[in-house]
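In order, the protein sequences belong to chains A and B. Here the first sequence stands for residues -11 to 321, where the numbers follow the working numbering. Here the second sequence stands for residues 3 to 132, where the numbers follow the working numbering.
FYI, nobody ran anything at the bench for these hints, they're computed from the structure. Glycine residues also receive a C-beta, built at the ideal position from the N, C-alpha and C atoms. One or more hints might be untrue.
[Unchecked claim] With a Cα cut of at most 30 Å, we get these calculated BS3-like pairs of lysine-lysine:
id: 1; chain 1: A; residue 1: K41; chain 2: B; residue 2: K36
id: 2; chain 1: B; residue 1: K128; chain 2: A; residue 2: K41
id: 3; chain 1: A; residue 1: K132; chain 2: A; residue 2: K255
id: 4; chain 1: B; residue 1: K128; chain 2: A; residue 2: K255
id: 5; chain 1: B; residue 1: K105; chain 2: A; residue 2: K255
id: 6; chain 1: B; residue 1: K38; chain 2: B; residue 2: K130
id: 7; chain 1: B; residue 1: K36; chain 2: A; residue 2: K255
id: 8; chain 1: A; residue 1: K183; chain 2: B; residue 2: K36
id: 9; chain 1: A; residue 1: K132; chain 2: B; residue 2: K62
id: 10; chain 1: A; residue 1: K286; chain 2: A; residue 2: K23
id: 11; chain 1: A; residue 1: K183; chain 2: B; residue 2: K38
id: 12; chain 1: B; residue 1: K126; chain 2: A; residue 2: K132
id: 13; chain 1: B; residue 1: K38; chain 2: A; residue 2: K27
id: 14; chain 1: A; residue 1: K132; chain 2: A; residue 2: K162
id: 15; chain 1: A; residue 1: K37; chain 2: B; residue 2: K62
id: 16; chain 1: A; residue 1: K242; chain 2: B; residue 2: K126
id: 17; chain 1: B; residue 1: K38; chain 2: A; residue 2: K132
id: 18; chain 1: A; residue 1: K132; chain 2: A; residue 2: K57
id: 19; chain 1: A; residue 1: K(-2); chain 2: A; residue 2: K235
id: 20; chain 1: A; residue 1: K132; chain 2: A; residue 2: K23
id: 21; chain 1: A; residue 1: K288; chain 2: A; residue 2: K(-6)
id: 22; chain 1: A; residue 1: K242; chain 2: A; residue 2: K255
id: 23; chain 1: A; residue 1: K176; chain 2: A; residue 2: K235
id: 24; chain 1: A; residue 1: K23; chain 2: A; residue 2: K(-6)
id: 25; chain 1: A; residue 1: K(-9); chain 2: A; residue 2: K235
id: 26; chain 1: B; residue 1: K126; chain 2: A; residue 2: K37
id: 27; chain 1: A; residue 1: K23; chain 2: B; residue 2: K128
[As the list claims (entries may be wrong)] Computed Cβ-Cβ distance ranges for the label pairs, DEER-style:
id: 28; chain 1: A; residue 1: Q284; chain 2: B; residue 2: F117; range: 36 to 46 Å
id: 29; chain 1: A; residue 1: S303; chain 2: B; residue 2: F100; range: 33 to 43 Å
id: 30; chain 1: B; residue 1: I54; chain 2: A; residue 2: Q305; range: 41 to 51 Å
[Said to hold, decoys possible] Residues of chain B placed beyond 10 Å of chain A at every Cβ, according to the derived structure:
id: 31; residue: I34
id: 32; residue: T40
id: 33; residue: A42
id: 34; residue: T50
id: 35; residue: V97
id: 36; residue: V115
id: 37; residue: L123
In case you want the letters, here they are:
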Amino acid sequence: MKKIGKQTVKFDTPPTIVDCSSIVGPKESQGPLAKYFDKTLEDEFWGEKTWEKAESKIIKENINLLITKSGIATNEIDCVFAGDLLNQCISSSFGLRDENIPFFGVFGACSTFVESLSLGAIAVEGFANNVLCATSSHFCSAEKQFRFPLELGNQRPPTSQWTVTGSGAAILSKNGTGPYITHITPGKIVDMGIKDANNMGAAMAPAFCDTLITHFLDTGRNPSYYDAIISGDLGHIGKEIAIDITKSKGYNIKSNYNDCGVLIFDKNSQDTHSGGSGCACCGSVFSGYFFRQLKQKKLKKILLIATGALMNSTSSQQGESIPGIAHAISIEI
Amino acid sequence: MNINWSNVFDWMMLLKCFVTGGLLCVIGQILIDKTKLTPARILVIFVTTGAILGGLGIYKYLVDFAGAGATVPLTGFGYSLAKGAIEEVSQNGLVGAFIGGIKATAGGIAAAVFFGYLASLISKPKMKKQ
């Protein structure tokens, strides 16, 4: 691999995404993408006593599902890159504690899925034959940690997004016939001073645009090179902001750009306000929907850019602004 | 048996109560939709506004006008705090400012804790529908 331009990495022998799997919660199961997910849950507890336990179970079962599906034995997986939104990434570490696979915990907020895939791809180009990348989020555990207890029954403001309950996971391998991860563009932290924890789309959109444009400059590509440019969880408000910012910088992405947070819920019937968010938003929509599109060759080149808001509950209470981040990977067949 | 409903209920009072309580909620809804205030801050604003208006003697006109429409919303809690403090001061001197508010609202606070506990024993938190 080698670095090209300012911050992009080009792989000499691009890792293959061998397989992906996804599990989603009850609300996602009623959304427009329901039929693409591997498993849909009927309730948010999934037989567990707490939401946190349920989230750990979701990532654990999703990884087991993926290992079974891919036909790659657990002991052939060299390491896992995984992370989530809960403090100290407990969903991933608790969910993976019985797996006996070397574990790297990753925190990139909602950008974790692409951050894991990026690190996984680097590992595959380096020492590993097979690497597993996974992430999860849960509406109830995220609301509880970042906003207010659900028992309080608070109203959600119109700009707020709905944290996706679920998990997305992928296995990357040295050997394979694609889809390949050809480039990664790790993003810089961009903070435009947004302080509203209920308006994440606006906080993350500038980071998305920064990474997107840097990727174009580094690779010499332009928006029309890709069949689809997909952001992780900017939601309806963030998506419009992203289109406007890129337009002002001279790139028109309107025709082939969409957002996982916009796709996963139906705006009119599901009343999620500004759309979906959370690690599992990008993770499950890519694993469930876009990976199939690539496998079936309906899409040939996509640029997946997961966006993250790098705040925590203390920083919000202390009035800090929300630093945004976005990581990009180019996936081609 | 003939019940004359117009005597059982003071319909005008019911209407005033409903409209006043509703309008206070409308203010909360506008604050949620149009400002970046969190629900916790709106709650505190409502209680302190009630306390200030209560202390200035203004809120009691609203209570006289709308009854429970003014006392049940959060502003009513603030009003009770102020009213309790003022009454206690008139009976026991300045120390009443520290005692009166909580004394006047003790029933509500203890009931909230007690019934909250009861509810937590018999129910389980759920995901919201929207």
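Here is how each hint holds up against the structure:
For the hint linking K41 of chain A to K36 of chain B, the alpha-carbon distance of about 36 Å lies beyond 30 Å, and the restraint is violated. Among the hinted pairs, K128 of chain B with K41 of chain A is consistent with the structure: their alpha-carbon atoms are about 15 Å apart, no more than 30 Å. For a cut-off of 30 Å, the pair hint linking K132 of chain A to K255 of chain A stands: about 24 Å separates their Cα positions. The suggested pairing of K128 of chain B with K255 of chain A holds, with an alpha-carbon distance near 22 Å, which does not exceed 30 Å.
Distance restraint check for K105 of chain B and K255 of chain A: the Cα-Cα separation of roughly 48 Å exceeds the 30 Å cut-off, and the hinted pair is therefore not satisfied. For the hint pairing K38 of chain B with K130 of chain B, the CA-to-CA distance comes to about 21 Å; that is within 30 Å, so the pair holds. With a CA separation close to 20 Å, the supplied pair K36 of chain B and K255 of chain A stays within the 30 Å bound. Distance restraint check for K183 of chain A and K36 of chain B: the Cα-Cα separation of roughly 15 Å lies within the 30 Å cut-off, and the hinted pair is therefore satisfied.
Note on K132 of chain A and K62 of chain B: the hinted pairing is violated, with a Cα-Cα distance of about 38 Å set against a maximum of 30 Å. Our distance criterion of 30 Å between C-alpha atoms is met by K286 of chain A and K23 of chain A, whose separation comes to about 17 Å. About 9 Å separates the Cα atoms of K183 of chain A and K38 of chain B, which keeps this hinted pair within 30 Å; it holds. A hinted pair counts as satisfied when its Cα atoms are at most 30 Å apart, and K126 of chain B with K132 of chain A qualifies at roughly 14 Å.
Distance restraint check for K38 of chain B and K27 of chain A: the Cα-Cα separation of roughly 37 Å exceeds the 30 Å cut-off, and the hinted pair is therefore not satisfied. Between the alpha carbons of K132 of chain A and K162 of chain A the distance comes to roughly 40 Å, so the proposed pair goes past 30 Å and is violated. Distance restraint check for K37 of chain A and K62 of chain B: the Cα-Cα separation of roughly 47 Å exceeds the 30 Å cut-off, and the hinted pair is therefore not satisfied. Annotation: proposed proximity of K242 of chain A to K126 of chain B is violated, straight-line Cα distance about 44 Å (limit 30 Å).
For the proposed pair K38 of chain B and K132 of chain A, the alpha carbon gap of about 19 Å is at most 30 Å, so the pair holds. Under the criterion of a C-alpha separation no larger than 30 Å, the hint pairing K132 of chain A with K57 of chain A is inconsistent with the structure, at around 33 Å. Restraint check for K(-2) of chain A and K235 of chain A: the C-alpha separation of about 26 Å stays at or below 30 Å, so the hint holds. Distance check on the hinted pair: K132 of chain A and K23 of chain A sit about 29 Å apart at the alpha-carbon level, within 30 Å; holds.
Taking the CA atoms of K288 of chain A and K(-6) of chain A, the gap is near 26 Å; set against the 30 Å cutoff, the hint holds. The straight-line distance between the Cα atoms of K242 of chain A and K255 of chain A is roughly 19 Å, inside the 30 Å bound, and the hint therefore holds. For the given pair, K176 of chain A sits about 20 Å from K235 of chain A by alpha-carbon distance, which is consistent with the 30 Å threshold. Distance check on the hinted pair: K23 of chain A and K(-6) of chain A sit about 40 Å apart at the alpha-carbon level, beyond 30 Å; violated.
At roughly 27 Å between alpha-carbon atoms, K(-9) of chain A and K235 of chain A fall within 30 Å of each other, so this suggested pair holds. Proximity of K126 of chain B to K37 of chain A is assessed by CA-CA distance (about 10 Å); at most 30 Å being required, the pair is judged to hold. A threshold of 30 Å between alpha carbons decides the hint, and for K23 of chain A with K128 of chain B the separation of about 25 Å falls inside it, so the pair holds. Between Q284 of chain A and F117 of chain B the beta carbons are some 56 Å apart, a value that contradicts the proposed interval 36 to 46 Å.
Between S303 of chain A and F100 of chain B the Cβ separation comes to about 35 Å, which falls inside the hinted range of 33 to 43 Å. Distance hint check for I54 of chain B and Q305 of chain A: the Cβ-Cβ separation is about 25 Å, which falls outside the suggested range of 41 to 51 Å. With a minimum CB-CB distance of about 5 Å to chain A, I34 of chain B fails to clear the 10 Å threshold, and the non-interface call is violated. For T40 of chain B, the shortest C-beta to C-beta distance to chain A comes to about 8 Å, within the 10 Å cut-off, and the non-interface label is violated.
The beta carbon of A42 of chain B sits about 7 Å from the closest Cβ of chain A, which is not more than 10 Å, so the claim that it is off the interface is violated. Non-interface status of T50 of chain B relative to chain A is upheld: no Cβ of that chain comes within 10 Å, the nearest being about 19 Å off. The non-interface label for V97 of chain B is consistent with chain A: the shortest C-beta to C-beta separation is roughly 34 Å, beyond 10 Å. At roughly 14 Å from the closest C-beta of chain A, the C-beta of V115 of chain B stays outside 10 Å, upholding its exclusion from the interface.
For L123 of chain B, the condition that its CB be more than 10 Å from all CB atoms of chain A holds, with the nearest at approximately 13 Å.
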